[in-house]
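Student: We have chain G; now place chain W onto it with these hints.
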Amino acid sequence: MEQDIDVLTRRAFLRTSLLGAALSWTIPVFLERTFITLNAQAADSSIQTITGKDHPILVVLQLAGGNDGLNTIIPFEDDLYFRARPTLGIPKGQVVALDNFVGLNPSLAPLKGLYDNGNLAIIQGVGYPNPNRSHFRSTEIWQTASDPQQTLTKGWIGRYFDNCCNGADPTVGVVLGEQLPQAFSAANPTGVAIGRPGNLGFDRENDPDEARLFSELNGMEPGSMSGDSIGTLSGPNKSGMSALEYLQRTALDAQVSTDKIKQVLRGTKNEAAYPKNQLGSSLSLISRLIAGGLPTRVYYASQGGYDTHAGQINTHKRLLNDLATSLAAFCDDLKAKGIFDRVIVMTFSEFGRRVHENANGGTDHGTAAPMFVCGGGVKPGLYGKQPTLGSLDAGDLVYSVDFRSVYSTILSHWLKAPAAQILGRDFPKLSFV
Amino acid sequence: MLSPLAPSRWNFDAAAHLTVRAGFGGRPDEIQKIQALGLERAVDMLVDATPDHYPPPAWADPHDQDELRLQVQEALTPEQKQLAQKLLNEQFRNEMKDLTRWWITRMVNTPSPFIEKMTLFWHGHFATSGLKVRPAFKMWLQNETLRRNALGNFSTLVKSISRDPAMMVWLDVAQSKKENPNENFAREIMELFTLGEGHYTESDVKEAARAFTGYRINGPDQSFKFAQQQFDSGLKNFMGKTGPWNGDQIVDIIVSQPQCARLIGAKIWKFFAYDVPEPNLVDALASELRNGRYELRPFLKHLFSSEEFYSSQSRDSQIKSPVQLLVQALRTLPIPLPDSSVLEFALRQMGQVPFFPPNVKGWDGGKSWINTATLTFRYKLARQLVEGVDPQEIGMPKPPAMEMTAPRPTMTPPLLVAQIVSAEDRQQPDTLVEKLFVRTFQCNPRIELMNKFGDFMSTRKVPLDDNAIRDLLVLMMTTPNYQVT
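Protein chains in written order, with the numbering used here: chain G, 189 to 621; chain W, 2 to 486.
With the rest of the complex left out, here is chain W:
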């Protein structure tokens, strides 16, 4: 299990598969470069990448929203207070939309897409929602914490997340009191983040909750601080081990359970390869992870080099998440980035707004992305991205008159055909179709499917104008095939 892919099977399609799954796809010339590196060097390059320095959004500092919050507190009349509160909420919403656009932009432009893809994975795993976390600065901070630890050691990642202010607010750790500890985080860390249901007892939850007391957020700089006097330092009996455990030690005990490696290994496999890994594959993944002491880079290199990752089961089997659909389109086609309101609206219609997972379990993924409503919207979005987004046509409601500070959504220019099509291409419909097929579907041409597009284009006037080429791209993007990688 997990033996390396034979060199003879490394080709353009394999390189494309890697580029799409361990990232968000690439231009044909980028995929060719990856292919030329050979499997080992390509995987090393992807996985060894480190986060670049990328400036935070302008508003993202520890004093985010201090001013407006003060206005709420100092309001003299109930009406003033209500108004100030309204402005505070609006500012938060605008900042969150801005944060989403900030992250999407980063995904689109980064030279290290695998880091962003892995950060997205961890975001879905340690799913924390802006619905409960204020101000937006905390959500940005968590994003950077996930990114910084995304490819390091899993145990370190869990400990970092347990101290992350957004997580502490989300799962009520920041308020947990020694006398009556809040069980939310203790339960979810085991149920969702490490072990899964059935691998711990209610008593374990209660004892772990006692160990995660004393965790607080330092107001002035939104950093973690440990309040010794709030910490329950008594003996806890956790998973059969007794001691005066603190949070980090609880994490150590949890990670030493074989089940943890199984859960994490399987979940990573599901996200990057295919939905249901076979039991002995899960065993192999878990062994790999445990033997490497939960160091993620070596584990992931192994995964992306394995036969199973490139098997037919792993190809054309994954329904693109809304983020994948959008970012891949923006990375591979010359489509201008829509503004933050439009982006947020589109992602919401499709069921995935970063920073707002539906619940602690994250996003289910797979077929759950697709129903009559979301598929209809994906098709509508594809057309709009290519032809230029009109907020009204895509179904955005007019901003309520009461909203004073929200930026008005703007129209986005259409796809820049000239950037991907030469004058010669326009004279040769067959060549043009083939080039655009490879770029759009991220694989070598599938003859039967490509011929359908070819037949259609042969009815258009030559030289092909921008409208005809945009029609072709829309047709390609409004297919079941385009939804799948």
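Bound-form chain G, shown alone:
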């Protein structure tokens, strides 16, 4: 460095050295042995995993709060719709028609282009039997793909990782957010959460003694220990880990993943104008990570605010607009990067909302709702059945497609994974991919 060390403060010294440091990622010896062990296990298994740079990618987009499906895909010819929603009903003239019976909420207009280009599939009336109207329970059901009476703890994507991605990098699953969703919860915990790109990585001390002690205390050195437990770091299985073990494993995952992600981000940029909101930022980051060759199979992002019990009109408008503009920009970006054919995006919400509007200009928790699936490999069009407003279940829509059919289709046709094994049994598949 050009500057005189004596003049700089200690802090500034550390800062510049961190930024200037070459990104050499040295793998501790025991870690290398671990990967070899894990890869050997994978080789033994009978599941063929797709390796290499061409693996298909799933982006899961959660619409948190319960998206009002009836105002998303609108049956604009149905008089019952307008009678049930005197103030919330979207006037027929404003709906962006998809066929003679249903159309998009006007705030979703940017998705019409995707639909016309053959990149968007819309699955109508998705739900499950004995629908649950609690945010947490219903989200849990969607995240774990359980039956209504079952309580499972591992997520459907986590079970995909367990079944198909043994020995894979912790970045096999990446979440844009501060927390790993329950969908990622696996018998062998994996997955990386990217809160803010600027926060990646541990500050590594320049002093070699400090650096070594830090690594040792965090289980990154061979034969290191936390003072209480150890020994499990050579195995992949994180379930039932004590708090301390879990912390050490996470520290290790963090170190290993962040160098890689930083490297990838350095070499990529956006090819589209994303809207300036959180969803836009998340998708733009995902696009760069895909283009940069990160071995991630499943990305997960979420957009909150859909729990519109009161004053729904403006809130829903804003949310759908953010959703549509971000998705459209994402698809454009992927196309420009030449990777659109490898990616599909799936949206889901924990439930739809009641047919009748309530007395506060909003809607309460409901049941069935549509899902969007878009991407290069999608077979476009309308799937499932628009739920009939003529015969409701205690004021709620009746589903026609079980959400696990959607998962099953994606797992089997897109990710080439054993869907029945992952979901517990067979579900009829659709043909949107």
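Quick caveat, the hints were computed from the structure, so don't treat them as lab data. Yeah, the Cβ is synthetic: ideal placement off N, Cα and C, and Gly gets one too. Hints are supplied without guarantee of correctness; some may be wrong.
As the list claims (entries may be wrong) - Below, in silico cross-link-like pairs of lysine-lysine (DSS-like), each with a Cα-Cα straight-line distance of 27 Å or less:
1) G/604 <-> G/617
2) G/450 <-> W/381
3) G/450 <-> W/368
4) G/464 <-> W/82
Said to hold, decoys possible - Over the 10 Å line for every Cβ pair with chain W, so calculated as not near, a few chain G residues:
5) 281
6) 283
7) 286
8) 287
9) 288
10) 357
11) 450
12) 451
13) 466
14) 501
15) 509
16) 568
17) 618
18) 619
To be verified - DEER-style ranges, computed between Cβ atoms:
19) G/492 <-> W/234: 34 to 40 Å
20) W/412 <-> G/612: 53 to 59 Å
21) G/581 <-> W/365: 29 to 35 Å
22) G/279 <-> W/72: 30 to 36 Å
Tutor: Below, chain W without anything else, positioned relative to chain G:
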């Protein structure tokens, strides 16, 4: 079950365990005082504490934001209205950050940390978010309501919360109409606050919603008022009991269900002791709570005196929540309190901003606090707290140029080494390491771990200077062990 801890097992580590779990930790001399009291008197002292008089934030009165709200209403042009609305939102955000700092400061300085810890517990339980509640005054008011009732009677607490303006806004009670009652509060009070899913029916939800009609907020002073004409006084069939029930009576029926004591007993245990209490322990806790008619003080004294609370299962098993991590560091080490923007940013990165729980369920806690992103940040924060917080280095974005009134985040001075280390200590690395170990990890030294720090410090020049001692503290705080109590 729940028999008292044998006196022979009451020692420094037990006293430290109590101090950390029933509070936010203490200086070594404070823990020694608690130890000297003996288990019974220590627990009595902690649990019998009452809230001190503590002034509210300057802006926290019923007229909070009246002026700016009026400006929005009286705006003559759409541009004026937009500007006024923007200022209103900014003021709210600044007040909420200030409120967070107000509460953290209280937690750090209070002579009665158990009250604050219990208030934090109830805040997570009756999780209400500032995202929907305006103005900030309501959030302060709810905090005081929780504090006032934190150690009293649980049934009284539930009834008080049902009348709390912030809660009434959050779960739509304040707008619920007789003709078409809003089900949000009725559902959550049973699902989350008292019974848990599966212990009530959809019909119970609908009937309870009818009973919670007529609850309104009086505009001028933000207090509760009952609007008789909006109340559905008809007969309700709730949990098998028919009558013209009102909200309080619904609470009475709910609390009389054995399941309520199980849910509350188990949840309190999970927060203070360990994650999964055994079924017969839950039975014992539930009995205790029911037999004491839901009086919380006797119940908690029993809990904090029990063998199970001090068992090995209960030690080194709990991952510190972000608030615990921060407040414990500020209470036990001479670290200056960062300003409100920095505090709010740090707590947000770690996943726990008071007054903004992620949803009605509160914070899940435990391992869910930790993933690659949050652990990385905890380590970064530890270094910054010890060396002095630099907002840019900790990753704070520059405040948007459009934000006109937000206070600019400031740098925080470094930890004051001289307050905890004497001149003699600096000459004796081993003694210094031991003292700082006890203070930082809140327990007697674990020899093997302590020796690692000792070996490291023996390579530093003696007398040890402030930088070397800060390096040591950072190393201690960037370990998996430090994340756990």
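Student: Taking the hints in turn, state whether each one holds.
Tutor: Hints and how they fare:
Of the supplied pair hints, the one linking residue 604 of chain G and residue 617 of chain G holds, its CA atoms being roughly 13 Å apart against a limit of 27 Å. For a cut-off of 27 Å, the pair hint linking residue 450 of chain G to residue 381 of chain W stands: about 17 Å separates their Cα positions. Taken as a hint, the residue 450 of chain G and residue 368 of chain W pair is honoured in the structure, with Cα atoms around 26 Å apart against an allowance of 27 Å. Restraint check for residue 464 of chain G and residue 82 of chain W: satisfied, since their Cα atoms lie roughly 23 Å apart, inside the 27 Å limit.
The non-interface label for residue 281 of chain G is consistent with chain W: the shortest C-beta to C-beta separation is roughly 25 Å, beyond 10 Å. Listed as a non-interface residue, residue 283 of chain G keeps its Cβ farther than 10 Å from every Cβ of chain W; the least gap is roughly 27 Å. Consistency note on residue 286 of chain G: stated as away from chain W, and its beta-carbon is indeed over 10 Å from all of that chain's, at 32 Å minimum. No beta-carbon of chain W is positioned within 10 Å of the beta-carbon of residue 287 of chain G; the least distance is around 34 Å.
Distance to chain W confirms residue 288 of chain G as a non-interface residue, since its nearest Cβ pair spans about 34 Å, more than 10 Å. Against chain W, the non-interface label of residue 357 of chain G holds: every CB pair exceeds 10 Å, the least being about 12 Å. Residue placement check: residue 450 of chain G keeps its beta carbon more than 10 Å from all beta carbons of chain W (closest about 12 Å). Residue 451 of chain G, annotated as away from the interface, keeps every beta carbon of chain W farther than 10 Å; the closest lies near 16 Å.
No Cβ of chain W approaches the Cβ of residue 466 of chain G within 10 Å, the least distance being about 13 Å, so the stated non-interface status holds. Every CB of chain W is more than 10 Å from the CB of residue 501 of chain G (nearest about 16 Å), matching its label as outside the interface. The beta carbon of residue 509 of chain G is kept farther than 10 Å from every beta carbon of chain W, the shortest such distance being approximately 18 Å. Even its closest Cβ contact with chain W, about 34 Å, leaves residue 568 of chain G beyond 10 Å, as expected for a residue assigned away from the interface.
Residue placement check: residue 618 of chain G keeps its beta carbon more than 10 Å from all beta carbons of chain W (closest about 31 Å). Here residue 619 of chain G stays apart from chain W, with its beta-carbon at least about 36 Å from theirs, past the 10 Å limit. Taken as a hint, the range 34 to 40 Å holds for the pair residue 492 of chain G and residue 234 of chain W, whose Cβ atoms sit roughly 38 Å apart. Between residue 412 of chain W and residue 612 of chain G the beta carbons are some 54 Å apart, a value that agrees with the proposed interval 53 to 59 Å.
Checked against the hint of 29 to 35 Å, the C-beta distance between residue 581 of chain G and residue 365 of chain W comes to roughly 31 Å, which is consistent with it. Residue 279 of chain G and residue 72 of chain W have their C-beta atoms about 34 Å apart, which keeps the hinted 30 to 36 Å range intact.
Comparing the model with each numbered hint stated earlier shows that all of them hold.
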